[in-house]
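Chemist: Residues per chain are reported as follows:
Number of protein chains: 2
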Amino acid sequence: MIPNTNYNQLKDSYLFSEIAKRVAEYSNLNPEKEIIKMGIGDVTLPLCNAVVEAMKHAAEDLGKAETFHGYGPEQGYDFLREKIKDYYAENNVELDLNEIFISDGAKSDLGNILDILGKDNTVLIPDPVYPVYVDTNIMDGRNIIYADANESNGFLPMPDYSIKADIIYICSPNNPTGAVYNKEQLQKWVDYAISNNSLILFDSAYEAFVADKSLPRSIFQIEDAKKCAIEFCSLSKTAGFTGVRCGYTVVPNGLVFSDMKLNKLWLRRQTTKFNGVSYIVQKGAEAVFSEEGRRQIAENIMYYRENANIITNTLSEIGIKFYGGINSPYIWLKCPDNMGSWEFFDKLLYSAGVIGTPGAGFGKNGDKYFRLTAFSSRENTQKAMLKLKNLID
Amino acid sequence: MIPNTNYNQLKDSYLFSEIAKRVAEYSNLNPEKEIIKMGIGDVTLPLCNAVVEAMKHAAEDLGKAETFHGYGPEQGYDFLREKIKDYYAENNVELDLNEIFISDGAKSDLGNILDILGKDNTVLIPDPVYPVYVDTNIMDGRNIIYADANESNGFLPMPDYSIKADIIYICSPNNPTGAVYNKEQLQKWVDYAISNNSLILFDSAYEAFVADKSLPRSIFQIEDAKKCAIEFCSLSKTAGFTGVRCGYTVVPNGLVFSDMKLNKLWLRRQTTKFNGVSYIVQKGAEAVFSEEGRRQIAENIMYYRENANIITNTLSEIGIKFYGGINSPYIWLKCPDNMGSWEFFDKLLYSAGVIGTPGAGFGKNGDKYFRLTAFSSRENTQKAMLKLKNLID
Numbered sequence: 004m005i006p007n008t009n010y011n012q013l014k015d016s017y018l019f020s021e022i023a024k025r026v027a028e029y030s031n032l033n034p035e036k037e038i039i040k041m042g043i044g045d046v047t048l049p050l051c052n053a054v055v056e057a058m059k060h061a062a063e064d065l066g067k068a069e070t071f072h073g074y075g076p077e078q079g080y081d082f083l084r085e086k087i088k089d090y091y092a093e094n095n096v097e098l099d100l101n102e103i104f105i106s107d108g109a110k111s112d113l114g115n116i117l118d119i120l121g122k123d124n125t126v127l128i129p130d131p132v133y134p135v136y137v138d139t140n141i142m143d144g145r146n147i148i149y150a151d152a153n154e155s156n157g158f159l160p161m162p163d164y165s166i167k168a169d170i171i172y173i174c175s176p177n178n179p180t181g182a183v184y185n186k187e188q189l190q191k192w193v194d195y196a197i198s199n200n201s202l203i204l205f206d207s208a209y210e211a212f213v214a215d216k217s218l219p220r221s222i223f224q225i226e227d228a229k230k231c232a233i234e235f236c237s238l239s240k241t242a243g244f245t246g247v248r249c250g251y252t253v254v255p256n257g258l259v260f261s262d263m264k265l266n267k268l269w270l271r272r273q274t275t276k277f278n279g280v281s282y283i284v285q286k287g288a289e290a291v292f293s294e295e296g297r298r299q300i301a302e303n304i305m306y307y308r309e310n311a312n313i314i315t316n317t318l319s320e321i322g323i324k325f326y327g328g329i330n331s332p333y334i335w336l337k338c339p340d341n342m343g344s345w346e347f348f349d350k351l352l353y354s355a356g357v358i359g360t361p362g363a364g365f366g367k368n369g370d371k372y373f374r375l376t377a378f379s380s381r382e383n384t385q386k387a388m389l390k391l392k393n394l395i396d
Numbered sequence: 004m005i006p007n008t009n010y011n012q013l014k015d016s017y018l019f020s021e022i023a024k025r026v027a028e029y030s031n032l033n034p035e036k037e038i039i040k041m042g043i044g045d046v047t048l049p050l051c052n053a054v055v056e057a058m059k060h061a062a063e064d065l066g067k068a069e070t071f072h073g074y075g076p077e078q079g080y081d082f083l084r085e086k087i088k089d090y091y092a093e094n095n096v097e098l099d100l101n102e103i104f105i106s107d108g109a110k111s112d113l114g115n116i117l118d119i120l121g122k123d124n125t126v127l128i129p130d131p132v133y134p135v136y137v138d139t140n141i142m143d144g145r146n147i148i149y150a151d152a153n154e155s156n157g158f159l160p161m162p163d164y165s166i167k168a169d170i171i172y173i174c175s176p177n178n179p180t181g182a183v184y185n186k187e188q189l190q191k192w193v194d195y196a197i198s199n200n201s202l203i204l205f206d207s208a209y210e211a212f213v214a215d216k217s218l219p220r221s222i223f224q225i226e227d228a229k230k231c232a233i234e235f236c237s238l239s240k241t242a243g244f245t246g247v248r249c250g251y252t253v254v255p256n257g258l259v260f261s262d263m264k265l266n267k268l269w270l271r272r273q274t275t276k277f278n279g280v281s282y283i284v285q286k287g288a289e290a291v292f293s294e295e296g297r298r299q300i301a302e303n304i305m306y307y308r309e310n311a312n313i314i315t316n317t318l319s320e321i322g323i324k325f326y327g328g329i330n331s332p333y334i335w336l337k338c339p340d341n342m343g344s345w346e347f348f349d350k351l352l353y354s355a356g357v358i359g360t361p362g363a364g365f366g367k368n369g370d371k372y373f374r375l376t377a378f379s380s381r382e383n384t385q386k387a388m389l390k391l392k393n394l395i396d
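Respectively, the protein sequence lines represent chains X and L. Numbering of the first sequence is given in this note's numbering, commencing with residue 4 and proceeding in unit increments. Numbering of the second sequence is given in this note's numbering, commencing with residue 4 and proceeding in unit increments.
These aren't lab readings, by the way, just hints derived from the structure by calculation. Note that the coordinates shown come from a computational prediction; the quantities given were computed from them, not determined experimentally. A couple of the hints might just be wrong.
Same chains, same label: a pair holds when it works inside one copy or across any pair of copies.
[Unchecked claim] Result set (DSBU-like, lysine-lysine): computed pairs, CA atoms no more than 30 Å apart in a straight line:
1) Lys-186 to Lys-264
2) Lys-36 to Lys-324
3) Lys-324 to Lys-367
4) Lys-14 to Lys-264
5) Lys-122 to Lys-167
6) Lys-67 to Lys-36
7) Lys-392 to Lys-40
8) Lys-67 to Lys-390
9) Lys-122 to Lys-264
10) Lys-14 to Lys-267
11) Lys-24 to Lys-264
12) Lys-86 to Lys-67
13) Lys-386 to Lys-24
14) Lys-191 to Lys-216
My request is simple: use the sequences and hints to build the entire structure.
Modeler: Listed below in structure tokens is the structure:
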């Protein structure tokens, strides 16, 4: 038996282990000093009450013969798909129910979607970016090319017609840069994809943080996107579902490549290799979209937005250049004094006890940048920003 | 963009849609007649109380800041892996914690495991069998050969050294035949795998139904299996988790092919393409292994076993030959009067109002056989067997 030797091409992911190592060293040297984590991508607020009650109720359902649910549909229960359909309709996106697939999170579907795509496609991935796009394609042996995201394009690379890409990753609002494409910019990507017969994989995991109503929350707000794009979304950041695990993927019926309908391929993939998301989790997800749930999660999003405000206000005040933080939970700052991202990491840790994420971990273009997140507590966010101010001023 | 064209080689799965079509026709012609479903692979008893209470408690945990859990380890929480380690130890199988991966069900991992295996391997699959093994390999374009399971080998095919297989599927207790390998037989498969440098994918989803203590419940009860086998297990049938979604996969550290450690590859696959099973579900699964949970699920298994007894006693009484039903929830009967499996399906439906699953749906060797399951209610099982008796006598 020969294993998948493409795995030999994967680089070990040192980012979070290297952060942990450096923090441990600091703690050993400074056991009495407080450390404030401003680099985490996980949420900190608990689930809202509507979701908790719905899941408790669902667990009770499964304990009674009259209301027991066994195998559910692999693509998700209609009670949840209907809510998502309505959620899209709020932005004037009309979906058929069969275009919506419930997942256990965007990460699973972003990886698994590659099952239905050929290995000989060339993949275009922005740099810097969420490392999963790169690694999942290396595992399949696909040719990867990069689109540079940098200050000159506001970390929003635009299509280059001299380059032929078959599969294009777009993450907006972006992880890690927090940059958000506007409709005109996304329209250019859709136009490029259609003229090149390419497929866009659109990661909208942070759409709930888009406050500016003129910015698109879904690629399907762009004309013709249903002919060239799959969208991946998640309740992880929207509703604090990082430990609950639920997301959704939209595969339009209009996606036809080499006479093969991608919606049909994905349905076959999911019915063959997946057994659906837990009934309890889907009931919790349904509650996210209830009136009460919507109100409660809006409060949580507001809390994180205010954290982002505190961070961006501080950075503005002390003259550190940054991107994101307005329609995004991520703040991407330019390291002061032309420091490298690991150098700034050490400085922030040793001089202020604050931990962030070095941009180098997201690609070569991240080398002089640093990611902070809005997911800490209010108290820690305020404290960290005070320390940063004292450090820089 | 070129899709994965291997999907063009998949045959449409007509089995359950064809059953549904024939049942609908019957119902239209006989609207007043009762139909008893004896073909379902889903469980019918509700979750036991220990599991329901654990999941309610876990949902409450997530609703409070002090006990909130966000992203968990992709490979599962140690609180659950420890329980599974102890469960294996009861059968004298010693596992390292890092060999145990929590999954959202055996179906997911049986499909996803192929990510870490090369495409050029030849795959040996028993016929008849659970259709997922075949389809997932067609999706990857692997060469598939079949091991005939028939009356002459008691539906337990043994290795043939003249055939070189790189990946070998074994499901014991078997779906659909209910046949169970003994230790000597499994040892022969392990010996074959080691001498051929093959990997065994062992599906033990029905291990909880093994009553005979001399029969293996895990392939790791066989010497040297840790050098050649991965095991997939599920709480679906053990604890009625078909709608809750939790299983586990054991990838021993001793599996090394082409200098690549499969455990490390699988860990990388899961950390890249998966975000772990819901905290709530894992808390429910932990309760399955508590003293109270074990007692409660044992009662459910006994209930299904008694259903299987009622079925096998009836078949013996009326002289219909069968396999399984003793250490398995599946009863695989030979259609009377040399009938084909669809012919018998129609006869049973039209003369008795009973639905089962035609063996032809599981492969060519299933053509003259028929699957009944022990998962119906007691009342329906008794009623269906009475009708079968009247039909045959």
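Chemist: So, for every hint listed, does it hold in this structure?
Modeler: Quick rundown of the hints versus the structure:
1. Lys-186 to Lys-264: Answer is within: at 27 Å inside a copy they meet the 30 Å cutoff, but 47 Å across does not.
2. Lys-36 to Lys-324: Cα proximity of Lys-36 and Lys-324: one copy only (28 Å, versus 75 Å across).
3. Lys-324 to Lys-367: within (19 Å within a copy, 68 Å between copies)
4. Lys-14 to Lys-264: between (34 Å within a copy, 16 Å between copies)
5. Lys-122 to Lys-167: Both: 16 Å inside a chain and 27 Å across chains, each within 30 Å.
6. Lys-67 to Lys-36: between (52 Å within a copy, 27 Å between copies)
7. Lys-392 to Lys-40: within (16 Å within a copy, 70 Å between copies)
8. Lys-67 to Lys-390: between (55 Å within a copy, 29 Å between copies)
9. Lys-122 to Lys-264: For Lys-122 and Lys-264, both the intra-copy (17 Å) and inter-copy (24 Å) Cα distances are at most 30 Å.
10. Lys-14 to Lys-267: between (34 Å within a copy, 13 Å between copies)
11. Lys-24 to Lys-264: between (47 Å within a copy, 25 Å between copies)
12. Lys-86 to Lys-67: both (26 Å within a copy, 26 Å between copies)
13. Lys-386 to Lys-24: within (24 Å within a copy, 66 Å between copies)
14. Lys-191 to Lys-216: So Lys-191 and Lys-216 pass the 30 Å test inside one copy only (20 Å; across, 66 Å).
Every hint, counting from the list given before, is met by this structure.
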